[in-house]
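Asker: Read top to bottom, the protein sequences are chains A and B.
The numbering used here puts the first sequence at residues 1 to 339.
The numbering used here puts the second sequence at residues 1 to 320.
Hint data in this document are derived by calculation from the structure and do not stem from the laboratory.
Any given hint could turn out to be false.
[As the list claims (entries may be wrong)] Rough simulated footprint, nothing fancy, chain A against chain B, three-plus residues with beta-carbon under 8 Å:
hint, region
1, 77–84
2, 132–140
[Unchecked claim] Computed cross-link-like contacts, BS3-like style, restricted to lysine-lysine with a CA-CA straight-line distance of at most 30 Å:
hint, chain 1, residue 1, chain 2, residue 2
3, B, LYS249, A, LYS200
4, A, LYS3, B, LYS264
5, A, LYS136, B, LYS292
6, B, LYS249, A, LYS139
7, B, LYS142, A, LYS275
8, B, LYS292, A, LYS205
9, B, LYS199, A, LYS275
10, A, LYS200, B, LYS292
Glycine included, C-beta positions come from ideal geometry on N, C-alpha and C.
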Amino acid sequence: MSKLLEVKNLRVSYHTYAGEVQSVRGIDFEVNEGETLAIVGESGCGKTVTAKSLMRLIQIPPGEIKEGSEILYKGKDILKMNQEQLRHFRGAEISMIFQDPMTSLNPTMTIGKQIAESLIIHRNMKKKEAMNEAIKMLKLVNIPNAERRVKQYPHEFSGGMRQRAMIAIALACIPKILVADEPTTALDVTIQAQIMDLIKDLQDKLGTAVVLITHDLGVVADVADRIQVMYAGKIIERGNTDEMFYNPKHPYTWALLQSVPRLETGHKDSLYSIKGTPPDLVKPPIGCPFAPRCDYAMEICKQEMPEATIITESHQALCWLQHPNAPKVEVPFGIGGEN
Amino acid sequence: MSGNEDLIIVKNLKKYFQVGKNETLKAVDDVSFVIKKGETLGLVGESGCGKTTCGRTVMGLYPATDGEVLFNGVNIHGLKGKAKRDFCRNAQIIFQDPYASLNPRMTVGDIIGEGIDIHKLYSGQKKAEKIQEVLQMVGLNKEHASRFPHEFSGGQRQRIGIARALAIEPKFIVCDEPISALDVSIQAQVVNLLIKLQKELGLTYLFIAHDLSMVKHISDRVGVMYLGKLVELAPSGILYENPLHPYTKALLSSIPVADPIQSKSKNRIMLEGEVPSPINTKPGCGFVQRCKYAMDCCKGETPELKEIKPEHFVACHLLK
Numbered sequence: 001m002s003k004l005l006e007v008k009n010l011r012v013s014y015h016t017y018a019g020e021v022q023s024v025r026g027i028d029f030e031v032n033e034g035e036t037l038a039i040v041g042e043s044g045c046g047k048t049v050t051a052k053s054l055m056r057l058i059q060i061p062p063g064e065i066k067e068g069s070e071i072l073y074k075g076k077d078i079l080k081m082n083q084e085q086l087r088h089f090r091g092a093e094i095s096m097i098f099q100d101p102m103t104s105l106n107p108t109m110t111i112g113k114q115i116a117e118s119l120i121i122h123r124n125m126k127k128k129e130a131m132n133e134a135i136k137m138l139k140l141v142n143i144p145n146a147e148r149r150v151k152q153y154p155h156e157f158s159g160g161m162r163q164r165a166m167i168a169i170a171l172a173c174i175p176k177i178l179v180a181d182e183p184t185t186a187l188d189v190t191i192q193a194q195i196m197d198l199i200k201d202l203q204d205k206l207g208t209a210v211v212l213i214t215h216d217l218g219v220v221a222d223v224a225d226r227i228q229v230m231y232a233g234k235i236i237e238r239g240n241t242d243e244m245f246y247n248p249k250h251p252y253t254w255a256l257l258q259s260v261p262r263l264e265t266g267h268k269d270s271l272y273s274i275k276g277t278p279p280d281l282v283k284p285p286i287g288c289p290f291a292p293r294c295d296y297a298m299e300i301c302k303q304e305m306p307e308a309t310i311i312t313e314s315h316q317a318l319c320w321l322q323h324p325n326a327p328k329v330e331v332p333f334g335i336g337g338e339n
Numbered sequence: 001m002s003g004n005e006d007l008i009i010v011k012n013l014k015k016y017f018q019v020g021k022n023e024t025l026k027a028v029d030d031v032s033f034v035i036k037k038g039e040t041l042g043l044v045g046e047s048g049c050g051k052t053t054c055g056r057t058v059m060g061l062y063p064a065t066d067g068e069v070l071f072n073g074v075n076i077h078g079l080k081g082k083a084k085r086d087f088c089r090n091a092q093i094i095f096q097d098p099y100a101s102l103n104p105r106m107t108v109g110d111i112i113g114e115g116i117d118i119h120k121l122y123s124g125q126k127k128a129e130k131i132q133e134v135l136q137m138v139g140l141n142k143e144h145a146s147r148f149p150h151e152f153s154g155g156q157r158q159r160i161g162i163a164r165a166l167a168i169e170p171k172f173i174v175c176d177e178p179i180s181a182l183d184v185s186i187q188a189q190v191v192n193l194l195i196k197l198q199k200e201l202g203l204t205y206l207f208i209a210h211d212l213s214m215v216k217h218i219s220d221r222v223g224v225m226y227l228g229k230l231v232e233l234a235p236s237g238i239l240y241e242n243p244l245h246p247y248t249k250a251l252l253s254s255i256p257v258a259d260p261i262q263s264k265s266k267n268r269i270m271l272e273g274e275v276p277s278p279i280n281t282k283p284g285c286g287f288v289q290r291c292k293y294a295m296d297c298c299k300g301e302t303p304e305l306k307e308i309k310p311e312h313f314v315a316c317h318l319l320k
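Bound-form chain A, shown alone (with noise of 0.2 Å):
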C-alpha cells in the first residue's frame, strides 16, 4: 500500500482569552491508499482538530498552525498551498462528512444543487449533466426516489437521509481520502448501523481511503483497518485494529475499551467510568497528561511524557509502563486475549 498522506508533526493551537489552548501538540501519522484509519478520544481531545486541519479549514485567527507542521498529501505540503490550489485540492482529493447533518447542509439550496456545485467546479460538468451525475449519486448512497429527492431541500429529509445526502456530496468527485467526522454520533443505532455499512460499501467500490473520528469504540470494531487513540493533543498509542482490541498496551486505551457498554455485563452492576476529566490544555501537564486519571501511574509518570515504545511494526504506545525497569501490570478482565 502506498501512503497517500503523511502528517508530521502537527501542532495546532487556539488563541482565546483564557489563553492558548494547545489543542494538537505534535502529532505524526499516515493515511494508506484505501484504507480505514480510525481516530479514537473523547471530547476536546483533539481529534477534531486533526481532521480540520487534513482539509486546512482550520479558523486563523483564532486558531494557529505553529512552525515545523506538515501536511503531505502525494508529498506536496497542504500547509504551504494558497487559496487557488486550495480550492482544487478540497473537495477533489480529500473531502469531510460532519457530525451534525442537520446544520452542516445549506438549508436555501436543493440537495441536487448542493451535489452538482462540486462537479461544476472539479469536473467542469454542465448543469444538466452535473444533474444527472447528482441522481446517480443520490442512487448510489441508496435514497430511494433519487429523481425526485434531487429537487428537494434538506428540511425534506430526515436525518439519516441526510447524512446519506452529506456522503453523496463528499463524494460526488470520487476523492482518494474521506474525513468523516463522527459520521453517526447524532443518529440512532439502526440508522447508525445502515451509514456504516453505506461507507464500507462505498470504500470498496470507490477504492477511497476513510478517516473516521469518532468517541465509540464499538462503532470502529469492524470497518477500521487501523486505529489511533487520542489524548490531551498526542496519539497515545496505534495499532492494527486486532493489536488495539485484543493487546492494547496503554492504560487509557483500556479504560475507552471498558468503557463500552457491553450486552454481557450483569445488572445494575457499576459500570466502569473513568474518574476525573481531561486536563486543561492552556497549561498541558509536563509528564503523561493521563497520568491523574491513571490507576497505575509511577512517579515518573508525573515528571516526564513518555517515548513511543514499539511493540509491533504497526503497534507503538506511549506509556512508561511498557518500560523495561517498569513493574508488570495485569490487563484488566473484560479486555485483550482473555476475552
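Following the hints, complete the assembly by docking chain B onto the known chain A.
Answerer: Using the frame of chain A, we list chain B on its own:
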C-alpha cells in the same frame, strides 16, 4: 429490590397532536404499562417513536388525549391546585440536553433552589444546606452553587440537572435520554450515579433512551416502542436474551460490538428504510413495511399486546 406495589399505572394512554386540517399525529397510541415502586422501567425506540412524548405525558407535562395515568391510585390528568402541586413534588424529570435545560442566567444554587421555593420546603439556612446536600449527593462541590451553568462540562451539567430533580425529594423521576448527549466515558459516570441514588433513596425511574446497552444495564424491565405503540415489554434479561418481536430483534442486532471478531461474525439483521410518518397512520401493524415476516393480516389488523410468556408481552401476529 422492587416492591410489589404499583406506583404508576398507565392505562390506554393516547396523545395526539393536531398538525394540519385533517392530519393527526399519533405520538402515543394506546399504551399501557405499570411501574412498580423502586423499579426502573426502560423505554427504547428510534427517534420519532413517541418515547419522549410518552414520558412527558406520564409526567403530566402534556395533557393526555385519552386514557389515564394513575400515581398512587389517583389519575394525574385533571388534577388542579394543591393536588397538582403535590403530584409535581413527587415526580420530576431529567432532560436530554444538559446545555438547553439549565437557565444560563441563574446560578446553580438558584436552579436547584427554585423547586424548594415553589413547594415551600425550606428557607434561609436550611435551604442552603439542602442545596449543598444534593450537590454533594451528585458528586459536585458545595462551592459550585454560586457558579453559572456555562462554567461546567456536559457531564457536570447533567449532574446539576439530577441535583435539581432530587432537591424536592421526589419518589418518581423520568429520565429522558439523560446520557445521549454525553461521551461514552462520561455516560458510565452518570448511569452509575443514577443507580447509586436509586439504591440510597428508593427512587422509581422511567428511563427513556435509544442506547440499548445502557438501558439493559439500568432497567428492571424494558419496553420497546414503535410508531407510538408498545410492541414488546419484558424483564430486561429476558428481552435481551430472547426477543420475540421482529423489530426488537433488528434493534438489538444493530448495536455495535467492541470486538472485531465478534462483530464480523455477527449475523446482523439490517433494517431497511426508516420509521414511517406517524401522521394519519393506517390500521394494522406499524412495522409491516419493514418486517420481513409480514403476512396479510398484519396490514389490516392491529396486533394487541399479549402476554406470550409470563411477564413477557408482545404485540405481533406471528406469536399466538
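Asker: Run every hint past the structure and note whether it holds.
Answerer: Each hint, compared with the structure:
1. 77–84: violated (count 0)
2. 132–140: Result for this restraint: violated, n = 0.
3. LYS249(B) <-> LYS200(A): holds, 23 Å
4. LYS3(A) <-> LYS264(B): Distance ~27 Å between LYS3(A) and LYS264(B) Cα, so the pair holds.
5. LYS136(A) <-> LYS292(B): holds, 28 Å
6. LYS249(B) <-> LYS139(A): With Cα atoms ~28 Å apart, LYS249(B) and LYS139(A) stay inside 30 Å; holds.
7. LYS142(B) <-> LYS275(A): Within the cut-off at roughly 19 Å; holds.
8. LYS292(B) <-> LYS205(A): holds, 28 Å
9. LYS199(B) <-> LYS275(A): Holds, at about 21 Å.
10. LYS200(A) <-> LYS292(B): Holds, at about 24 Å.
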